[in-house]
Amino acid sequence: EEQAHVAREVDRNLVSIRELASQSSAGASQTASACNEMSKLAVNLNQLVNRFKA
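Mapping the sequence shown onto our numbering, position 23 (from 1) lands on 23, and the numbers just tick up by one.
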């Protein structure tokens with residue numbers, strides 16, 4: 001009985017770890033996408049600023 005309880009607890013913890021890992025992966029993907037977009041915006045801004053300098 002106690003062994004079964006421990007096994008269920010381990011299973012619940014593994015499920016939680018899997019869910020957190022999935023959320024972390026999704027967050028990392030969103031961060032990478034946002035960084036890519038910010039990089040594009042920075043290039044565009046730099047081009048606009050250079051027009052004023054010319």
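Source of the hints: derived by calculation from the structure; they are not laboratory data. Fair warning: there could be bad hints in the mix.
Using C-beta positions, here's what the derived DEER-type ranges look like [unchecked claim]:
| # | residue 1 | residue 2 | range |
| --- | --- | --- | --- |
| 1 | ILE17 | PHE52 | 50 to 60 Å |
| 2 | GLN47 | LEU14 | 42 to 52 Å |
| 3 | GLU2 | ASN36 | 46 to 56 Å |
| 4 | ARG8 | VAL43 | 51 to 61 Å |
| 5 | VAL49 | VAL15 | 42 to 52 Å |
| 6 | ASN46 | ARG12 | 34 to 44 Å |
| 7 | GLU37 | LEU14 | 30 to 40 Å |
Nothing here was measured: the structure is a model prediction, and the numbers come from that model. Idealized CB from N, CA, C, for every residue including glycine.
Hints and how they fare:
1. The hint said 50 to 60 Å for the Cβ distance between ILE17 and PHE52, and at roughly 52 Å that hint holds.
2. At roughly 50 Å, the beta-carbon separation of GLN47 and LEU14 lies within the given 42 to 52 Å, and the hint holds.
3. Between GLU2 and ASN36 the beta carbons are some 51 Å apart, a value that agrees with the proposed interval 46 to 56 Å.
4. Evaluation of the 51 to 61 Å hint for ARG8 and VAL43 yields a pass: the beta carbon distance comes to about 53 Å.
5. A C-beta distance of roughly 51 Å is found between VAL49 and VAL15, which places it inside the suggested range of 42 to 52 Å.
6. Remark: the range hint 34 to 44 Å for ASN46 to ARG12 is contradicted by a beta-carbon distance near 51 Å.
7. At roughly 35 Å, the beta carbons of GLU37 and LEU14 sit within the given window of 30 to 40 Å.
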